[in-house]
Every structure is written in structure tokens, then in C-alpha cells.
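My request is simple: use the sequences and hints to build the entire structure.
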Amino acid sequence: MELTTIWFLLVAVLFTGYFILEGFDFGVGMLLPVLGRDDRERRVLINTIGPVWDGNEVWLITAGGAMFAAFPEWYATLFSGFYLPLLLILLALIARGVAFEYRHKRPEPSWKRRWDAAIFFGSLVPAVLWGVAFANILRGVPLTADHEYAGGLLDLLNPYALLGGVTTAALFLTHGAVFVALKTVGDIRERAGALAVRVGVVAAVLAVAFLTWTLSIRSSTAAVVLASAAAAALLAGLAAARVRREGWAFTGTAVAIGLAVATLFAALFPNVLPSTLDAAGTLTATNAASTPYTLKIMSWIAVVFTPIVLAYQGWTYWVFRKRIGVAHIPQH
Amino acid sequence: MNSWGFQVDALDVARWQFGVTTVYHFLFVPLTIGLSVLVAILQTLWHRTGNERYLKLTKFYGKLFLINFAMGVVTGIVQEFQFGMNWSDYSRFVGDIFGAPLAIEALVAFFLESTFIGLWIFGWERLPKRLHLASIWAAAIGTNLSAYFILAANSFMQNPVGYRVNPDTGRAELTDFVAVLTNKVALVTFPHTIAGAFLVAGSLLVAVALWHLVRNRDSADTPTYRFAAKFGSWVTLVAAAGVLITGDIQGKIMTQVQPMKMAAAEGLYSTESPASFSVLTVGSLDGSRELFAIKIPYLLSYLGTGDPKGTVHGINDLQAQYASQYGAGNYAPIIPVTYWSFRFMIAFGMAAAAIALLVLWTHRKGRAPHNKWLLRAGLVMPLLPLVANSFGWIFTEMGRQPWIVFGEMLTRNGVSRSVSLTEVLTSFTAFTLIYATLAVIEFRLLVRYAKAGVPDLTPAPEIDDSHDDAERPLAFAY
Numbered sequence: 001m002e003l004t005t006i007w008f009l010l011v012a013v014l015f016t017g018y019f020i021l022e023g024f025d026f027g028v029g030m031l032l033p034v035l036g037r038d039d040r041e042r043r044v045l046i047n048t049i050g051p052v053w054d055g056n057e058v059w060l061i062t063a064g065g066a067m068f069a070a071f072p073e074w075y076a077t078l079f080s081g082f083y084l085p086l087l088l089i090l091l092a093l094i095a096r097g098v099a100f101e102y103r104h105k106r107p108e109p110s111w112k113r114r115w116d117a118a119i120f121f122g123s124l125v126p127a128v129l130w131g132v133a134f135a136n137i138l139r140g141v142p143l144t145a146d147h148e149y150a151g152g153l154l155d156l157l158n159p160y161a162l163l164g165g166v167t168t169a170a171l172f173l174t175h176g177a178v179f180v181a182l183k184t185v186g187d188i189r190e191r192a193g194a195l196a197v198r199v200g201v202v203a204a205v206l207a208v209a210f211l212t213w214t215l216s217i218r219s220s221t222a223a224v225v226l227a228s229a230a231a232a233a234l235l236a237g238l239a240a241a242r243v244r245r246e247g248w249a250f251t252g253t254a255v256a257i258g259l260a261v262a263t264l265f266a267a268l269f270p271n272v273l274p275s276t277l278d279a280a281g282t283l284t285a286t287n288a289a290s291t292p293y294t295l296k297i298m299s300w301i302a303v304v305f306t307p308i309v310l311a312y313q314g315w316t317y318w319v320f321r322k323r324i325g326v327a328h329i330p331q332h
Numbered sequence: 001m002n003s004w005g006f007q008v009d010a011l012d013v014a015r016w017q018f019g020v021t022t023v024y025h026f027l028f029v030p031l032t033i034g035l036s037v038l039v040a041i042l043q044t045l046w047h048r049t050g051n052e053r054y055l056k057l058t059k060f061y062g063k064l065f066l067i068n069f070a071m072g073v074v075t076g077i078v079q080e081f082q083f084g085m086n087w088s089d090y091s092r093f094v095g096d097i098f099g100a101p102l103a104i105e106a107l108v109a110f111f112l113e114s115t116f117i118g119l120w121i122f123g124w125e126r127l128p129k130r131l132h133l134a135s136i137w138a139a140a141i142g143t144n145l146s147a148y149f150i151l152a153a154n155s156f157m158q159n160p161v162g163y164r165v166n167p168d169t170g171r172a173e174l175t176d177f178v179a180v181l182t183n184k185v186a187l188v189t190f191p192h193t194i195a196g197a198f199l200v201a202g203s204l205l206v207a208v209a210l211w212h213l214v215r216n217r218d219s220a221d222t223p224t225y226r227f228a229a230k231f232g233s234w235v236t237l238v239a240a241a242g243v244l245i246t247g248d249i250q251g252k253i254m255t256q257v258q259p260m261k262m263a264a265a266e267g268l269y270s271t272e273s274p275a276s277f278s279v280l281t282v283g284s285l286d287g288s289r290e291l292f293a294i295k296i297p298y299l300l301s302y303l304g305t306g307d308p309k310g311t312v313h314g315i316n317d318l319q320a321q322y323a324s325q326y327g328a329g330n331y332a333p334i335i336p337v338t339y340w341s342f343r344f345m346i347a348f349g350m351a352a353a354a355i356a357l358l359v360l361w362t363h364r365k366g367r368a369p370h371n372k373w374l375l376r377a378g379l380v381m382p383l384l385p386l387v388a389n390s391f392g393w394i395f396t397e398m399g400r401q402p403w404i405v406f407g408e409m410l411t412r413n414g415v416s417r418s419v420s421l422t423e424v425l426t427s428f429t430a431f432t433l434i435y436a437t438l439a440v441i442e443f444r445l446l447v448r449y450a451k452a453g454v455p456d457l458t459p460a461p462e463i464d465d466s467h468d469d470a471e472r473p474l475a476f477a478y
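Taken in order, these protein sequences are the chains called A and B. Position one of the first sequence corresponds to residue 1 (full-length UniProt numbering), numbered consecutively onward. Position one of the second sequence corresponds to residue 1 (full-length UniProt numbering), numbered consecutively onward.
It is possible that some hints are incorrect.
[Unchecked claim] Cross-link-like lysine-lysine pairs, in silico, DSS-like; alpha carbons within 27 angstroms at most: (1) B/K129 <-> A/K322; (2) A/K105 <-> B/K129; (3) B/K309 <-> A/K105; (4) B/K309 <-> A/K112; (5) B/K59 <-> A/K112; (6) B/K309 <-> B/K295.
Since the hints were derived computationally from the structure, they do not count as laboratory data. Computed from a prediction, not measured in an experiment: that's the story for all the values here.
The following block contains the structure:
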């Protein structure tokens, strides 16, 4: 296999991992005002993702770094072209990350309310905008022959991309609700489970519509297979959520998000950012790539360190595998 | 040209944004680097001796560390995105080389840091003690490793090595990865930066402990704070020695690889051999002539070359040399900025070391002075090396100008062509506002938790792995 293909796959894997992992912690953030009826319930929700959200976010930093290292043209064109959506994502991630750490640092209800709002919007904004961004990558954007973005903000806010945004938000919401049901005990677990099914049905309809639209824009056999499998996994996950088999439900939504992201990358390949303006502007895994020497070195580093990272990150989830509930929350 | 009579373009704003977001990010980085290790040391002392004093200090400074850590994390993401957003032509030019250390930093260091910090925060009384201790060390190692990779990337911009420029694409291409990682600028900048970080962390230990010592001389925790004040002072002194030694080596390397930066640090216009060191020079407003100066003969030659009679090239000669080498243009940085940032870096950093000496002297042999001037000095102490760190970065980045990659790419050619002035102004304004707000919140929280003092230790139930631990699934830190 070509090194450029391997790195296309690796970038795809990193974004897939990012959306599966941060997907549920975006979901938990968006559910904070819905499932958390009082401060103790909100603390339960935040503590379910407390030990892991930061590690989950490193998947994004690694994906961004890998894109920069392996496909500098893709990184440069995408990040300068999608300027305002990325700015909003950054501001949201800043507010959200600080909120997790600072919310409990003062007892005043007004203090906590403000950080709760930061967690909610800080989760909602990226959950929508990542969908908008990836839909636009797939749809293609106006690029000049020397790969400069030639559109404006409104070019990114087309109906297909907006559907993508709503879809990712609904999927992450479902994934988050399933995660809360899996990680908590008591009343909150029941409510999260029931909500997961209701939101999940909406997410499934949106996801099927979005993936169908996606495959009508560009498609490959692999993409069709992956999209069908994604839909099946989501339905299986929802069925499991309905009968309160939370482990299976979470597996279902995780696999569904993973396969949906994989569908986008499979449909995109070998392009990485198609141009709708000048065909010469289209960025591909070949013309956007670094030199074989750089890709070879990066491959070795990825081969050595990725298994180590997966091992200790997986172990963290094992350490904090126990369910938590309102009864566990200390009084202070 | 606008109604105020000056012109602002996207390049200027992008540069200001990079300066503001980077200096701001680096207000949190030194404490993260230094305090992670110091907290790990304190916890190790507790683990080894069983003395509760060290546990109290671990928890106390650990809280301050985490308040600061959160800010470092979230402002760091901006840095990685910013290269692509505002500096896309730079990213295209250097991506083949510069992207790799960033990706490795995330894969090798950030995962380690973020995962184990989570284990440490939520693992109190949950993880076996040894494993919990190992977690803070893993996080500290991750943090310090990350510094190496990002400094290797920055060092390529100061002294590009291990590459060639492809004549067909006009892009820099990696030819020797080991050379990039062992760039002599990176090898010396790493210990310099780490020592600078410990200067801040040690000073914070002193400041907080001193405040409690002066306020309350006879509390049960007085010996605990005495230990923290002395330990912090020693850390500060050793770090100051480290900063001086590595800074001296840096000066010599800079004279070789970026002679213009050295000349600009000194405001040295004409080549001198031997060259004298300027303690204080007042120049004309545009920085082109000197009006008044105090100088130490031979010192600059010695600092720059190791030989008191060595030749140090001046700005005017280097300008002429670069103009013939790279074409017409101005190749000198803004001299007052480099000259003063270089001096402020040294002065503020050494002031912290002086206060550390004062604290050790006044607290020798069980003495416990109740002196408000000592307290005031102690309270400003952490701010001094923090400001020194900022000036150090301002010096090294402004001193490289007009280059973004020395000798290869001008800063003005690295900016994103597709990003409008409105867009970059929007992002600059948004970051400045959110950063300013968070700065106020963070500072108040730090003060609040610093004032609260070391915690009372309520006896924690011993953790026994055979016991059903469902009642305490994790430490509810949030």
C-alpha cells in the first residue's frame, strides 16, 4: 500500500477515534441541563467524563498534528479556509475545558450556573460545527488552482452541511445519553436510557438522510457498505438501549459513529479536499502529501507509540469502570 | 490608510494574534512544567517518609497546579490550529518538517500527560498508592517531553537544519530527521526553557508559603510552610544557575547561527573585536543611533564567542551582508524591542533568584522574620520569572524577524492569503476577550486557593483491593 494511503487511513482513524470518544463527552455536556435537574445530578454527569475528557480531546490534537505532518497542503487549505467555524470550535473547547476544572472550585450557585452554560454551549457548538466542517470537506469547496480557499462563510452554510451538523449533534446526544445510562445508577440512569431511545430515533432518521445524501454526492462500494453497516449498528444500539442493555447500546452507538465517519472518508478517497471551482485545485492524498521520507518516519513512530497509547488509555477506562450515582457525591 | 493615519493589514493582526496567544499560553506552561515535577517530588517524599506534611503540600500545591493546568491545555489547542488558520503559506512551506514534531508531541507527550493527569485527579484513595504516585510522574514526564518536541519545531525556525528546498515546489523537505531533533539550538533551548519553568514554579512555592508564614507564626502548619519556602527557594536558586549556564551557551550558539539576533540583543551597530557588553544604552527613538551608554569592555566578546577578544558582528555589517545574500530589504529586527526584552528577561529572572537567597538567609537556623517588606518581595516573586519567560520568548521570536524561518522564508510571506482582515480581526478580538476574562478568573481562583492554605487531613479509609470498592468508584474531583 502507498504511504499516502496509509496516512489517509491513519488520519481517518484518528478522527474516527476522536468522534467516538469526544462524541459521548460532547453528548454528556449537551445533556447537562436536560438530565441534571439539580447540582448533585449535574456533578454526577460531569464526573462520568471527568477522568477521560482531556485524553479524548488529545485525539483531535493528534489528528490535527498528523494532518499537518502527513498532508501539509490539506491542513493549510482546510484550516485557513474553514476559518470562522474553526474559531468557534476553539472558543467552545476553551470555555468547556476550563469549565470542567473550575465549576466545582466555588460554592456559589451563580458561579456554577455560568460554568454549566459554558459546558452546554462548549459541547453543542463543536458537536454541530464538526458535522458542518466534515460535510463541506466531502461536498467540496471552492478552491483556486493553487489550493487557496476562494469561498466565504456562506459557502460553508449550505443545506447539506447544515444537515451534517444537525446529524452529528443528534448522534453525539444519543451516544452521550447511552454513555450516561451505562455509567450511572439510580433515577438518572433510567431517564438517560429513556432519552437515548427517543433522541436515537431522531438521530437515526437524520443519519440515514445525511448518509444517503452523502452517497449521492460521491460514493464508492466501500462507502455504501460502511454506511449500511453504520445504520445497522445504530439501530442495533437503539434496540439494546430500549431493553436497557447499556453495554451493547454503547457499543452500538460507538460503532455507528465510527462507521459513519469511516463512510465519509471512504467516499472522499482519494481526494482529501475536492474543489468545486477549479478542478486543478482539488487536493488529493497524493498532491497534498509530505515526502515519502517524512511519511516513513512518522509511520514508524505511529507503529511504536499508538499501541502504547491505546493500552494505557483503555486501562484508564477500566480503572474508572464503576457506575456512579447521586449517593456517591460527597456533600462538600 | 484609515482616519488615524496608519494602515493595518491582515499580516499585522495575525502577528499580534500570534504574539498575544503565544505569550498568554506561556503564562501557564512554566507552572505546568515545573509544578508537575515539584508536586511529584512532594508526593514521593510523602510516599517515602509517610510524613503527612508532604501529603498536605502535595494536595495544596496540586490544587494550584490543576487550576493552572486547565488553562495551559485549552490555550495550547489554539497554538496548533493557528499555524493552519493564520499562517497557511508557512504551513505549506515547512509542513514536511514542522508537522512531524507537532504530531509526535501529541502522540507521545500529550496523551501521556492528559491520561495520567486524569488518573491522578480522580485516583486519590482509589488507585493503589504506588500507581497513583506513578501517575503524577507520568504526567510530569509527558509535560516535559512535550516541551522538547515543540522546541525542536521552533528551533527549526531559528536555525533550519536537516532539510533541502525542493526547486520544483519551492517547499522545504526533510532530509535528516535526527538532525532536526538534535538541532543544537533545540538541545540548549530545552534545558534553558525547563530551567526557566522551574524558576517560576519554585518561586510560586516560596510566595504562597511565605504569605502563610508571615500571617501566622505559630500555627500547627508553620513547619510545613517553612519546608515549602526553603524547598522552593532552593529550586529557584538551582533553576537560576541552570538558566544562566544554558543562557550563556545559547548566546554563543546564537552568535554563530543568528548573529543578527545577538547584535540586536546588544544594540551593537558596528562590528567590534573585542566587543563590550552594554549594560544600558539609550538610543534615538528609531533605534538607529546611540545617545548614552554604560558598557563593560570585553564582556560581549566573551559571552558571544568565549574569547574576550573575539569578533562580534554589528547590525550594519550584517544588514549589508544579508542584503547582498538575500536581496534588497531590511534584515534587522526592531532594535529597541530586542534590546530591552533581552535585558528585562535577565533582570526579572535574576531578581527572583535574589529574593530566593533573601528568603533562605532570613529563615536560616530556625529564624522566622515578620517583615512586611520580605512578604511583599515574596509575593511579587513568582511574577518576576513569569515576566522573564515572556520577555525571553518575545526576544527570541522578535529577534528572528523579519524571518519566519531564518534565511528561508520571510514572515510576511507565511501569512494565509485567503484569510481576510475582518476574519483575523474577529479572531484576534475574540481570543483577546476570552483570554482576558479567563485570566481574571484564573488569577482570583489561584489567590483564593493559595489563601485557603494546606488542607486538614481527614483520615482516609485504607484502600484494599479485595474489598468491594463500589462505594468509592472515583475521587469526585469535579
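Identify every previously stated hint that the structure contradicts and give their numbers, smallest first.
Violated hints: 3 and 4; rest satisfied.
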